[in-house]
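Residue numbers (this note's numbering), protein chains in the order written: chain A, 1 to 95; chain V, 1 to 487.
Wrong hints could be hidden among the right ones.
Said to hold, decoys possible - As a list, the in silico SDA-like pairs of lysine to any residue whose alpha-carbon atoms are at most 20 Å apart:
| hint | chain 1 | residue 1 | chain 2 | residue 2 |
| --- | --- | --- | --- | --- |
| 1 | V | K373 | A | D48 |
| 2 | V | K341 | A | D48 |
| 3 | V | K334 | A | G18 |
| 4 | V | K285 | V | V258 |
| 5 | V | K233 | A | D48 |
| 6 | V | K373 | A | L37 |
| 7 | V | K341 | A | V67 |
| 8 | V | K233 | A | V24 |
| 9 | V | K373 | A | A80 |
| 10 | V | K373 | A | D45 |
| 11 | V | K341 | A | D45 |
| 12 | A | K10 | V | G345 |
These are computed hints drawn from the structure, not numbers from a lab.
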Amino acid sequence: MSIQSEDVLKIAHLARLGIQQEQVESYASDLSNIMTLVEQMNQVDTSDIEPMAHPLDQSQRLRTDVVSESNQRDALQENAPDIEDGLFLVPRVID
Amino acid sequence: MYNKSLKELSASLRNKDVSSAELSQYFLDRIKHFDGELNSVITSNEEAALLAAQQADKLIASGDSGLLTGIPLLHKDIFCTQGLRTSCGSKMLDNFIAPYTATAVSKLEQAGAVMLGKTNMDEFAMGSSNETSFYGGVKNPWNLDTVPGGSSGGSAAAVAARLAPIASGTDTGGSIRQPAAFCGVTGIKPTYGRVSRYGMIAFASSLDQGGAMAKSAEDAAVMLQAMSGFDEKDSTSVDRPVDDLLANLGDSIKGLTVGLPKEFFTDDLDDDIREKIEEAVDTIKLAGANIKEISLPNINLSVPAYYVVAPAECSANLSRFDGVRFGHRCESPKDLEDLYKRSRGEGFGDEVKRRVMIGAYVLSAGYYDAYYKKAQQVRRLIQQDFVEAFKEVDVIASATAPSVAFTSGEKKGDPVSMYLSDIFTIGVNLAGLPGMSVPCGFVDNKPVGMQLIGNYFEEARLLNVAHQYQQLTDWHLAVPAGYEQEV
Numbered sequence: 001m002s003i004q005s006e007d008v009l010k011i012a013h014l015a016r017l018g019i020q021q022e023q024v025e026s027y028a029s030d031l032s033n034i035m036t037l038v039e040q041m042n043q044v045d046t047s048d049i050e051p052m053a054h055p056l057d058q059s060q061r062l063r064t065d066v067v068s069e070s071n072q073r074d075a076l077q078e079n080a081p082d083i084e085d086g087l088f089l090v091p092r093v094i095d
Numbered sequence: 001m002y003n004k005s006l007k008e009l010s011a012s013l014r015n016k017d018v019s020s021a022e023l024s025q026y027f028l029d030r031i032k033h034f035d036g037e038l039n040s041v042i043t044s045n046e047e048a049a050l051l052a053a054q055q056a057d058k059l060i061a062s063g064d065s066g067l068l069t070g071i072p073l074l075h076k077d078i079f080c081t082q083g084l085r086t087s088c089g090s091k092m093l094d095n096f097i098a099p100y101t102a103t104a105v106s107k108l109e110q111a112g113a114v115m116l117g118k119t120n121m122d123e124f125a126m127g128s129s130n131e132t133s134f135y136g137g138v139k140n141p142w143n144l145d146t147v148p149g150g151s152s153g154g155s156a157a158a159v160a161a162r163l164a165p166i167a168s169g170t171d172t173g174g175s176i177r178q179p180a181a182f183c184g185v186t187g188i189k190p191t192y193g194r195v196s197r198y199g200m201i202a203f204a205s206s207l208d209q210g211g212a213m214a215k216s217a218e219d220a221a222v223m224l225q226a227m228s229g230f231d232e233k234d235s236t237s238v239d240r241p242v243d244d245l246l247a248n249l250g251d252s253i254k255g256l257t258v259g260l261p262k263e264f265f266t267d268d269l270d271d272d273i274r275e276k277i278e279e280a281v282d283t284i285k286l287a288g289a290n291i292k293e294i295s296l297p298n299i300n301l302s303v304p305a306y307y308v309v310a311p312a313e314c315s316a317n318l319s320r321f322d323g324v325r326f327g328h329r330c331e332s333p334k335d336l337e338d339l340y341k342r343s344r345g346e347g348f349g350d351e352v353k354r355r356v357m358i359g360a361y362v363l364s365a366g367y368y369d370a371y372y373k374k375a376q377q378v379r380r381l382i383q384q385d386f387v388e389a390f391k392e393v394d395v396i397a398s399a400t401a402p403s404v405a406f407t408s409g410e411k412k413g414d415p416v417s418m419y420l421s422d423i424f425t426i427g428v429n430l431a432g433l434p435g436m437s438v439p440c441g442f443v444d445n446k447p448v449g450m451q452l453i454g455n456y457f458e459e460a461r462l463l464n465v466a467h468q469y470q471q472l473t474d475w476h477l478a479v480p481a482g483y484e485q486e487v
C-alpha cells in the first residue's frame, strides 16, 4: 500500500493533527513502509475466524448505577490551560 | 548495599542496620551521582520520599512492616502520581500534575515502598529505544553508546545501574521485556488484567499491562505480588485471587516441559544470541526440565497485526489530548480547529504522530474490515497457536530480542526496522499472556535476555523457572563497569 502526500494531509486532518509541510513526504514514505509491513497479514486466510477484541474474551463488567465520585472540578481544572468560572475556555465557536 | 536483594534489604531494615531514610538517601545519592550521564530519572521526588521513608521507619519500629516497607523504588512516568508531574515522556504533558494516583502505585505505597522519582520513557510508551522521549534518550549503563531499549528504558537502565532496587514498567508490545534484556535486568509482564490500568496513561488499552523490573526473579515476584489484584476502577481488571508468587519460587522444575518455538530460532536471530539462549536452555534442562520443539505457525504475523491494533487504539486514546482540558495548548489559536491541530502538532513527537495517523487511517471509512477486523482475526490465530502450544508444554522459552542493545540513532530514522526489534515479544501481548525476560549472558559485553512465556495467570510458574535458573547462574548479579563503586 502506497500512501501519497495528499493521503497524509487527509489523515492528519481526520486526526486533528498539525504537521509541518516539509515533513509530509517523509511521513508518506514512513506510513507506506508501515502499511507494507501490515499487509503481510494478507498471507493468511481468516475468513472463518472470529475477531478477537480482548485477550481474555471478557465482556464489559457492569456496576450498580449509584454516585461514586465526588465533585472535584477545581482540582481537575488545575491542569487546564484556560478556565473562567469553572468553565473551560476555547476560541469562539459560534459568532 | 546496592546489590542486596529485597529480602536482604528488608532484613537490614528490620534489624535496624539501616533506616529507610538512610536507604532512600543512599539511592538518591546514587541517582545524583550517576544519572547525569544516564538520564534515566526525569523527575525527583526527594523531599516527599524522605518523609515517606520516615513514616516507613515508624512502621518498622512498631513491628508492623512487610517485605516492601521502607524499600525505595522508581516509577515509570506513565503512572499517574498525585501532586508529582506525570509527563509520559511527552511535551504534551510536560506541565501535567496528575490529580490522582494510579492503583499500581497506590498498592506499592500501601505496601510501604518509597517512591524516589519517575523514570524516563519513550513518548507515550511508543518506541523500542527510549529515543522518542521529549526529555532526551536514556543511555544504557553497559555501553553508553547504545540504547537501553524501550519503552521502559529509564526503569531498566536505573535498575541496571543500581539507582533503585526495583522499578515499575509497562509492556504493550515488549516494553518491559526488551529493555530488561538490553540492560541485563529481570522484568515481568503479567497476564493482561492482572495489574490495574487505572491511572496508567493508556496507549493501546487491549494490550497495555503494568509490571515489575528488578535485579532478580525473586525481587520481581515481591514487587509484582504487591502490584497485582482486582481493581473496580479498571473495567478490564480481572476479578480473581492473586496467587502467592513467592511460595513456589524454590520448587524444583524437574519434569517441567519447556517449549522452544522453531519460528523464534530462525535467521532473524543473531547467532551469538542463539548460542546464549541454547546455553540457558541447557541449564534449565540440567535442572530437570524437558525440552521440546514446538511451533507457533502464525507468530510471524504478530508485528503486522500489532501495527494495526496498537495504532488504532492509540489514535482513539490520544484523542483526549485536545489542548482544552489539560496538556499542552498552542499560543493564540485562531479557531477551535486551529487549537486542536496546533496543540497536538506541537505537543506530540514524530513517532506518536506516525502512530496516530496509522490508527486514523486503518479505522477510516472503507478500511476497517481490511485492516482492523483482519488484525483482530490474525490476533485470534496467534492466540490459538499459544493455546495449542500450552497443551504440550508448561513454559515457552526464546530470546527476548533478536539482537543486543543497538547503537543510539541506528534505527531512529527507520520505523519499520525499529518495530522489528520486538518480533519475539509482541505476540505475547496480542494473546494477553504473561512473559518475562531474564539475563542469560553477554555478547560483546552487552547483556542478552532469555524470554519465558507462561500460560494465562501462571506468573508463579514463570517466576519459579526464572528463580531456579538464577540459582544456577549469576548473570543477574553482574553490575555494569563504573557503577559498582559506592558514592
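Structure-based check of each hint:
1. V:K373 with A:D48: The hint holds at about 12 Å.
2. V:K341 with A:D48: 41 Å, violated
3. V:K334 with A:G18: Within the cut-off at roughly 14 Å; holds.
4. V:K285 with V:V258: 9 Å, holds
5. V:K233 with A:D48: Roughly 35 Å between the alpha carbons, so the hint for K233 of chain V and D48 of chain A is violated.
6. V:K373 with A:L37: Given pair K373 of chain V, L37 of chain A holds - Cα atoms ~16 Å apart, limit 20 Å.
7. V:K341 with A:V67: 35 Å, violated
8. V:K233 with A:V24: 40 Å, violated
9. V:K373 with A:A80: 37 Å, violated
10. V:K373 with A:D45: Holds: K373 of chain V and D45 of chain A sit about 13 Å apart, inside 20 Å.
11. V:K341 with A:D45: 39 Å, violated
12. A:K10 with V:G345: 15 Å, holds
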